[in-house]
Amino acid sequence: MRQSSLFSTTRREAPRDETSRNAQLLIRAGFVHKELAGVYSFLPLGWRVLRNIMQIIREEMDAIGGQEVHLSALQSRSLWEQTDRWSDEEVDIWFKTSLNAGGEAGLAPTHEEPITAIMREHISSYRDLPQLPYQIQLKFRNELRARSGLMRGREFYMKDMYTFARTQQEHEELYERVKRAYFTIFQRIGIGDRTYLTFASGGIFSQYSHEFQTVAEVGEDTIYLDREKGIAVNKEVFTDAVLADLGLERERLEEVRAVEVGNIFSLGTRFSEALQCTFRDQDGTLKYPVMGCYGIGPNRLMGLVAELFSDDRGLVWPSSIAPFAVHLISLSTEASVQETAATIYRDLQSHGIEVLWDDRTEASVGEKLADADLIGIPVQIRVGPKSLAERRAEIVQRKGGTPQYVPIGELIPAVEALV
RNA sequence: CGGGGUGUGGUGUAACGGUAGCACGCAUGCUUUGGGUGCAUGUAGUCCGAGUUCGAAUCUCGGCACCCCGACCA
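In this note's numbering, the protein residues as written are 631 to 1049.
Among the hints, erroneous ones may be present.
[Stated by the list, open to error] Just the calculated beta-carbon pair ranges, DEER-fashion:
hint, residue 1, residue 2, range
1, 813, 904, 28 to 38 Å
2, 881, 980, 57 to 67 Å
3, 850, 750, 32 to 42 Å
4, 831, 707, 20 to 30 Å
If you are wondering where the hints come from, they were derived from the structure by calculation, not from laboratory data.
Please read all numbers here as calculations on a predicted model, not as lab measurements.
Virtual Cβ for every residue (Gly too), placed ideally from N, Cα, C.
Construct all of the structure, not just a fragment, from the sequences and the given hints.
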């Protein structure tokens, strides 16, 4: 894409009402727009990042047998009353509204009810199980207080998978399968080395749920981490009994702040029973599927990555989710420079390398370089009169390191080695 | 929801109760071309509503919005 046609702009200063680093950087770089407290719109660059995150999640969910669906955000009152989760006493973060035709509807804060109601219509035999439907969909939660920029919003995407198993044992196998896929996802996004499986409160159907907590100062959660074993305990269940149960020693634990990037739960048959989702087993008896649910928040991941991978000049995206693989920058309006850059631009595109070309003629060199650093695309190719005189261009990695002066004809393999 | 704070052009900021000013941006022209170039001209503002006052950005009350701490976060 040519930057001269990109409508979003960068700015020197962040709005005063944003204090979280992730939102400040993302707004300054033109990735997002704040609509309301805790509600952000995504502009071209930001949407590309979010889509990349979603795509990684999608690939890993598909790889373990997930089937992508898309459930409605608008939900009927009657369905949720069947599980006693419509009343504000039970679930206090509903966005509800009345229908002109009469009755009430709500914006889904989660989707256990609708997915179970749907599966009820499509599952009837043990032969139909197990199933792993999932979606990447907007969730709405009327939080009393939004904060931490993109990391705790009132409207946000969630990847939510639900598993339907024939037996508890089968459920546990699926649960482990999803757990492994989650680690792969966090690894691919670039936060794997600081993300830990964390034991948290599990609700009624299992002693624990599992959270995936990424160690970060900005985190809202406090966890107790055993780095050697690679597991942690959330402060909310941090008791001697729990430590004993998990075989952890208090002295070996480190108290750290962390961001919950994923959470997986065993649901038992709570929803399948309440909504009468059944299947006929091999022996002829009617049974309820054992369910699990598994969430990841793409918006929160984007905010977290922005927060973790940035410096005093701006964002530093991991290549797996960067809005573009390469930022091509013309450092002069001279015809020879622009023509060479145009050739490189087409060359990169024809090799399937996503490139943002700063072809602007009105911006100064300093402005272009400052913008490129703020936007944070991992690889910059700078084309200017000096290096062009030797038929070279400069490859600079945003995260730092020595610039390479590469002959124009050898740029493609040099870039491919980096992305 | 409890506590605290803040609302001034698009953005960041100044102004004792007395002419709303500065910087960035944007527009026009010139200038400059390897780290936000310089100059000139122009553009645009006191969150909303009451009240006090000769006079309100400034004081009072109400509303709305935003931020922070806490609580909450299947």
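Evaluation of the provided hints:
1. 813 - 904: 28 to 38 Å: 32 Å, holds
2. 881 - 980: 57 to 67 Å: Given range 57 to 67 Å: holds, Cβ gap about 59 Å.
3. 850 - 750: 32 to 42 Å: For residue 850 and residue 750 the Cβ distance comes to about 36 Å; the hint holds.
4. 831 - 707: 20 to 30 Å: 28 Å, holds
In summary, this structure violates none of the numbered hints.
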